[in-house]
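**Q** Single-letter residue listing:
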Amino acid sequence: MLAVQNLEVVYDDVVLALRGVSLGVPDGRIVALLGANGGGKSTLLRSLSGLLDVHDGEIRKGTVTLDGEQVGQLSPSALARRGIKHVLEGRRVFKELSAEENLRVGAYADRRNLKANLERVYGLFPVLRDRRDGQAGLLSGGEQQMLAIGRALMSDPRYLLLDEPSLGLAPKVVEQIRDIVVEINGQGTGILLVEQNATMALEIAHHGYVLENGRVVMDRPAAELREDADVREFYLGLGADGEAASSFRNVKHYRRRKRWAS
Amino acid sequence: MTQFLGAVAGGVGLGSIYALLALGFVIIYKSMRVISFAQPAFMLAGAVLVSYLSPSIGFVPAVVVGAIAIAGVALVVERVAIRPMVGKAVFVIAIITIGIDIVVRVVAGAFIGRDPRQVGDPWGIDAWEVGGVYIAHRHIAAFLVTTVLVLALFAFFRWTPIGLAMRASALDQEAAMAQGVSVGAVFAVSWALAGGLAAVAGVFAASGRTMDQNLWHIALAALPVIILGGLDSLGGAVLGGLLIGVAQQVVASYHRQWFPGLDTNIGSITPYLVMLVVLLVRPYGLFGTKEVERV
Numbered sequence: 005m006l007a008v009q010n011l012e013v014v015y016d017d018v019v020l021a022l023r024g025v026s027l028g029v030p031d032g033r034i035v036a037l038l039g040a041n042g043g044g045k046s047t048l049l050r051s052l053s054g055l056l057d058v059h060d061g062e063i064r065k066g067t068v069t070l071d072g073e074q075v076g077q078l079s080p081s082a083l084a085r086r087g088i089k090h091v092l093e094g095r096r097v098f099k100e101l102s103a104e105e106n107l108r109v110g111a112y113a114d115r116r117n118l119k120a121n122l123e124r125v126y127g128l129f130p131v132l133r134d135r136r137d138g139q140a141g142l143l144s145g146g147e148q149q150m151l152a153i154g155r156a157l158m159s160d161p162r163y164l165l166l167d168e169p170s171l172g173l174a175p176k177v178v179e180q181i182r183d184i185v186v187e188i189n190g191q192g193t194g195i196l197l198v199e200q201n202a203t204m205a206l207e208i209a210h211h212g213y214v215l216e217n218g219r220v221v222m223d224r225p226a227a228e229l230r231e232d233a234d235v236r237e238f239y240l241g242l243g244a245d246g247e248a249a250s251s252f253r254n255v256k257h258y259r260r261r262k263r264w265a266s
Numbered sequence: 334m335t336q337f338l339g340a341v342a343g344g345v346g347l348g349s350i351y352a353l354l355a356l357g358f359v360i361i362y363k364s365m366r367v368i369s370f371a372q373p374a375f376m377l378a379g380a381v382l383v384s385y386l387s388p389s390i391g392f393v394p395a396v397v398v399g400a401i402a403i404a405g406v407a408l409v410v411e412r413v414a415i416r417p418m419v420g421k422a423v424f425v426i427a428i429i430t431i432g433i434d435i436v437v438r439v440v441a442g443a444f445i446g447r448d449p450r451q452v453g454d455p456w457g458i459d460a461w462e463v464g465g466v467y468i469a470h471r472h473i474a475a476f477l478v479t480t481v482l483v484l485a486l487f488a489f490f491r492w493t494p495i496g497l498a499m500r501a502s503a504l505d506q507e508a509a510m511a512q513g514v515s516v517g518a519v520f521a522v523s524w525a526l527a528g529g530l531a532a533v534a535g536v537f538a539a540s541g542r543t544m545d546q547n548l549w550h551i552a553l554a555a556l557p558v559i560i561l562g563g564l565d566s567l568g569g570a571v572l573g574g575l576l577i578g579v580a581q582q583v584v585a586s587y588h589r590q591w592f593p594g595l596d597t598n599i600g601s602i603t604p605y606l607v608m609l610v611v612l613l614v615r616p617y618g619l620f621g622t623k624e625v626e627r628v
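From first to last, the protein sequence lines stand for chains A and B. No gaps in the numbering here: position 153 of the first sequence is 157 in this note's numbering, and each next residue is one more. No gaps in the numbering here: position 152 of the second sequence is 485 in this note's numbering, and each next residue is one more.
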């Protein structure tokens with residue numbers, strides 16, 4: 005179980021991005037993390053993967069634990085070796101390297117099963133096998149996202165932290181990515197899925213959290229979240245009656261009503 | 334014609350030395366985005382060390398041991414002086430490298446002493462004559478060794494895990510860290526490589542002459558080389574080194590006809606004149622990445 009307890013994260017010593025967040029990713033489950041921009045979703049992923057440093061972020065309070073052991077102070081490379089792999093927002097493939105070189109860099113943390121993992125990734129994403137020698141920067145957006153996910157899988161991670169895998173992709177490709185996430189999970193990898201596309205995320209997640217202004221405001225099984233009236237309205241874009249909001253007059257309520265009872 | 338070919342042959346030898354030095358600059362720049370001004374000191378230290386080793390263990394082993402030892406020195410210097418500054422402004426780190434350069438150079442220079450020292454190379458100033466063109470053995474040796482080292486480097490960056498990780502980290506450091514690449518290891522290896530290359534360059538710069546404190550001046554010409562080749566291009570460093578070397582030797586050879594009023598030194602300043610022109614016309618160099626800054 006990868007978990008955080010009462011986590012507080014500060015950027016540049018002043019910006020409080022997380023205010024006491026507790027959350028857990030059990031082995032082999034998909035956990036969705038929803039929330040508006042600036043809610044602290046990416047910050048939470050960074051504190052799990054050790055990449056806060058790069059952004060001048062710092063854990064002020066609370067703990068990050070892996071199977072009960074504190075790992076919040078470890079370096080990104082140590083965390084990657086322990087099986088926590090972060091797929092950064094915006095794909096971030098190494099554009100001037102070939103697709104296969106990208107994958108080989110992904111195996112840096114654990115090279116033991118490089119050959120088998122390469123086959124596994126090519127099995128998941130056949131299109132990458134066809135374009136293995138092509139420059140990664142020339143792949144389409146969807147292919148780059150697949151490459152980014154495949155790259156993270158190269159070291160047999162126990163937990164995959166996916167930051168907005170559907171960002172900027174066509175609906176068809178989003179479906180493809182969704183199915184692949186389910187498949188990866190089926191092979192035993194725990195997944196923390198950060199998504200703006202709440203419909204997609206809640207379809208496949210077992211459990212969901214809603215993060216707002218650095219606080220967890222909802223923490224329920226995904227099935228319940230899908231039925232929750234507020235989530236339906238604010239995150240799934242459905243009106244109170246279950247239809248897509250037909251008029252902006254209804255959306256006006258957004259500001260006033262966007263406070264959860266707490 | 335023979336004069337021209339002779340100048341080109343000498344230029345290729347000199348250019349090989351420049352290329353080795355420039356590769357060190359580029360490797361460090363790619364990994365840290367910092368120009369390390371410590372390269373001249375590592376070059377001098379390498380030459381001095383080899384001049385001490387070669388009488389006892391022979392020239393070739395001395396070069397190998399010397400290069401590895403200077404790589405080790407660079408490794409320690411990086412760990413002690415540079416690593417704590419990571420994350421600070423690039424300008425600050427560049428200034429620190431100047432400090433390192435002065436310290437290492439003074440220490441290495443103190444070992445030169447008053448007696449004339451030589452690196453003990455087997456070539457001296459011997460030369461072959463091919464159709465009236467004199468080609469110095471040391472220039473051929475410099476070119477061959479540089480070729481081998483460059484090929485080895487390219488293989489290193491292409492096939493070894495750490496080499497690949499270094500390329501990845503140069504492209505996107507955060508994404509490389511997310512793959513488990515340790516940025517500290519990348520910095521350390523890049524400094525070690527640069528130190529080793531500079532040491533080899535120092536040996537060839539010092540061959541065919543006696544060692545003196547001013548040997549490091551040669552390393553300054555690596556700056557025009559990386560400007561010409563492009564700061565972040567390994568291939569550019571090699572090609573730029575050869576071009577600058579040849580240009581310098583050709584000008585030095587023809588200075589009497591071309592610049593009758595000027596002294597022989599016009600050859601020595603040619604690299605810098607080329608650099609000025611490049612900065613005016615194509616500031617990112619032949620193969621460098623064109624910086625695009627959006628405001």
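Hints are computed from structural coordinates only; laboratory data are not their basis. There may be inaccurate statements among the hints.
Said to hold, decoys possible - Simulated crosslink set (BS3-like; lysine-lysine; CA at most 25 angstroms straight-line):
#1 LYS99/A x LYS363/B
#2 LYS623/B x LYS99/A
#3 LYS623/B x LYS363/B
#4 LYS119/A x LYS99/A
#5 LYS99/A x LYS176/A
#6 LYS363/B x LYS421/B
All figures in this text were calculated on a predicted structure; none of them were measured in a lab.
**Q** Each hint should be assessed against the structure and marked as holding or not.
**A** To see whether the hints hold, each was checked on the structure:
Restraint check for LYS99/A and LYS363/B: the C-alpha separation of about 15 angstroms stays at or below 25 angstroms, so the hint holds. Proposed proximity of LYS623/B and LYS99/A is supported: the alpha carbons are some 15 angstroms apart, at most 25 angstroms. With a CA separation close to 14 angstroms, the supplied pair LYS623/B and LYS363/B stays within the 25 angstroms bound. Restraint check for LYS119/A and LYS99/A: satisfied, since their Cα atoms lie roughly 22 angstroms apart, inside the 25 angstroms limit.
Proposed proximity of LYS99/A and LYS176/A is supported: the alpha carbons are some 24 angstroms apart, at most 25 angstroms. Our distance criterion of 25 angstroms between C-alpha atoms is met by LYS363/B and LYS421/B, whose separation comes to about 17 angstroms.
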